[in-house]
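Could you put the whole structure together from the sequences, leaning on the hints where they help?
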Amino acid sequence: MIRLLDMGVPAFLIADALRLVAQRLVRTICAACREGYEVSADSLEPYGHTPTGHGTYTLFRGRGCPRCDFTGMKGRVGLYELMPVTRPMRELLGKGPTVDEVRALAREEGMLPLRQAALRKVIDGITSVDEVLRVTSDLT
126 MIRLLDMGVP
136 AFLIADALRL
146 VAQRLVRTIC
156 AACREGYEVS
166 ADSLEPYGHT
176 PTGHGTYTLF
186 RGRGCPRCDF
196 TGMKGRVGLY
206 ELMPVTRPMR
216 ELLGKGPTVD
226 EVRALAREEG
236 MLPLRQAALR
246 KVIDGITSVD
256 EVLRVTSDLT
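Count along the sequence shown from 1, then add 125; that gives the number in the working numbering.
Any given hint could turn out to be false.
Each pair of labels, with its calculated beta carbon distance range [stated by the list, open to error]:
1. GLU170 / GLN148: 21 to 27 Å
2. THR183 / SER262: 40 to 46 Å
3. GLY180 / GLY133: 26 to 32 Å
4. ASP263 / GLU226: 18 to 24 Å
5. GLY200 / ASP131: 17 to 23 Å
6. ASP131 / PRO209: 16 to 22 Å
7. ASP194 / ARG215: 47 to 53 Å
8. SER165 / ARG232: 22 to 28 Å
9. ARG245 / GLU163: 16 to 22 Å
10. GLU234 / THR196: 23 to 29 Å
Simulated from the structure, these hints should not be mistaken for lab results.
Since the model is a prediction, treat every value here as computed from it, not as a measurement.
Note that beta-carbon positions come from the ideal geometry of N, C-alpha and C, so glycine has one too.
Written as structure tokens, this is what we have:
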């Protein structure tokens with residue numbers, strides 16, 4: 126939705142949508158050569174992650190092997206940001222809001238921003254921090 130507003134699509138046209146989805150594909154870490162390494166929870170804060178009681182996380186990266194053509198990555202997985210267009214959102218859109226107002230209400234109503242969805246994939250060992258930054262660099 127934020128992109129639509131940035132592109133100049135009138136907010137009242139967006140209000141008729143039931144949901145809006147943003148998506149990106151990220152490469153996944155090769156299962157054959159993945160290795161873990163420890164990072165402090167605080168080290169993920171600059172990327173939008175809020176630590177939740179963990180002192181450290183075990184993240185993963187691919188060393189590179191014949192299965193992944195020595196890239197450390199094999200396959201892709203989707204990242205999704207889903208924003209339901211609720212009654213409060215429709216009302217806000219009818220008022221010609223700023224992008225920041227839309228973003229704030231969406232988060233208040235539980236929308237998980239794309240980069241934070243991506244960081245969950247990092248913490249789950251599916252992709253790497255570098256890959257998330259590569260794919261979401263325009264979202265900062």
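Hint check results:
1. For GLU170 paired with GLN148, a C-beta distance near 25 Å keeps the hint of 21 to 27 Å intact.
2. At roughly 25 Å, the beta carbons of THR183 and SER262 sit outside the given window of 40 to 46 Å.
3. The hinted range of 26 to 32 Å is not satisfied by GLY180 and GLY133, whose Cβ atoms lie roughly 46 Å apart.
4. The given range of 18 to 24 Å is respected by ASP263 and GLU226, whose C-beta atoms sit roughly 21 Å from each other.
5. At about 31 Å, the CB distance of GLY200 to ASP131 disagrees with the hint of 17 to 23 Å.
6. For ASP131 and PRO209, the Cβ-Cβ distance of about 20 Å falls inside the hinted range of 16 to 22 Å, so the restraint holds.
7. The beta-carbon spacing between ASP194 and ARG215, approximately 48 Å, falls within the hinted interval of 47 to 53 Å.
8. For the hinted restraint 22 to 28 Å between SER165 and ARG232, the CB-CB distance of approximately 25 Å keeps it satisfied.
9. Judged by the Cβ atoms, the range 16 to 22 Å given for ARG245 and GLU163 holds: they are separated by roughly 18 Å.
10. The hinted range of 23 to 29 Å is not satisfied by GLU234 and THR196, whose Cβ atoms lie roughly 39 Å apart.
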